[in-house]
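Visitor: Put together the whole structure using the sequences plus the hints.
Numbering (the numbering used here), first residue to last: 1196 to 1467.
Calculated from the structure, these hints are not laboratory results.
Positions of the beta carbon are idealized from the N, C-alpha and C atoms, including for glycine.
One thing to keep in mind: the hints can contain errors.
Computed Cβ-Cβ distance ranges for the label pairs, DEER-style [said to hold, decoys possible]:
(1) D1208 with A1458: 13 to 23 Å
(2) Q1411 with I1306: 18 to 28 Å
(3) Q1435 with N1276: 25 to 35 Å
(4) R1235 with D1208: 19 to 29 Å
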Amino acid sequence: MARIEKTFAGIQDRAALIPYICAGDPNAETTLAVMHALVRHGADILELGIPFSDPMADGPVIQHASERALAAGMTLEKVLNIVAQFRQTDTSTPVVLMGYANPIEAMGRAIFAEAATKAGVDGVLIVDYPPEEYDEFGILLKSKQIDPIFLLAPTSTVERIQQVASIASGYLYYVSLRGVTGSAQLNIEEVEQRVKLIKQYANIPVGVGFGISDAQSAKRIASVADAVVIGSKLVDTMHQASNDQVIQGVSVAVEQAATEWIATIAQALKKE
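Guide: Dropping the structure here:
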């Protein structure tokens, strides 16, 4: 059983917690330390962002995180190295890479798939690879036991949902609102209706992200979804702890800030 499938199968009576951080923000060493800290304090699956110069689906918080990571020298190869280091001591927590097509195209799809497998990547979510362009790449990923994960939006038609559900594995990521990451104005009733619709056509878990910024909103989403995906607020919390400084080595302050914040979300997801 693949790690993502096994993780969801092992979670009883609550939604999975999937935090997102940007690899290399503020540096590779802190990213690795934070990954382990997030798992220790309630994360079930980790989404690790591949920094990119033009992250079109992301709001200002993650855009700036990508800029900082790139300025610190982060590359796709180094992202995979972080995952490989993580796997040296954690062989059970799924790691999903989230990013954009350009770095993968620059590396080469086949080379990337092979390197991701060796590093221990479990899933790949590429925002600007639509299903129409995923046929060969999706087959390639699945041949390496890597789950191709897709976004669905409030505007996705039934036809689109069916198309995505037919090729996705691991879980589906439903974008809870119209806009970029970090936006506000969650409509829980609309999210519940859309998740129910998606589940009519998909037999894998549905995670919900975008606009989840605190324990209350996470708990509300957890009541209607299989997983809560949360990124911008965590990334911002980590950055605030860094005081805008260029950091060498592991930042204890950033790690502690991430730990304390994610623990409040994990606690909120527990059944009372």
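Visitor: Could you check the hint for me, namely that Q1435 and N1276 are 25 to 35 Å apart, CB to CB?
Guide: Hint holds: Cβ distance 27 Å, inside 25 to 35 Å.
Visitor: Does the Cβ distance between Q1411 and I1306 fall inside 18 to 28 Å?
Guide: violated (44 Å)
Visitor: Taking the Cβ atom of D1208 and the Cβ atom of A1458, is their distance within the range 13 to 23 Å?
Guide: Once the Cβ atoms are compared, 19 Å apart, the range 13 to 23 Å for A1458 and D1208 holds.
Visitor: Mind checking the hinted window 19 to 29 Å against the Cβ distance between R1235 and D1208?
Guide: The hint (19 to 29 Å, Cβ to Cβ) holds, given that R1235 and D1208 are roughly 21 Å apart.
Checked against the numbered hints above, the structure violates only hint 2.
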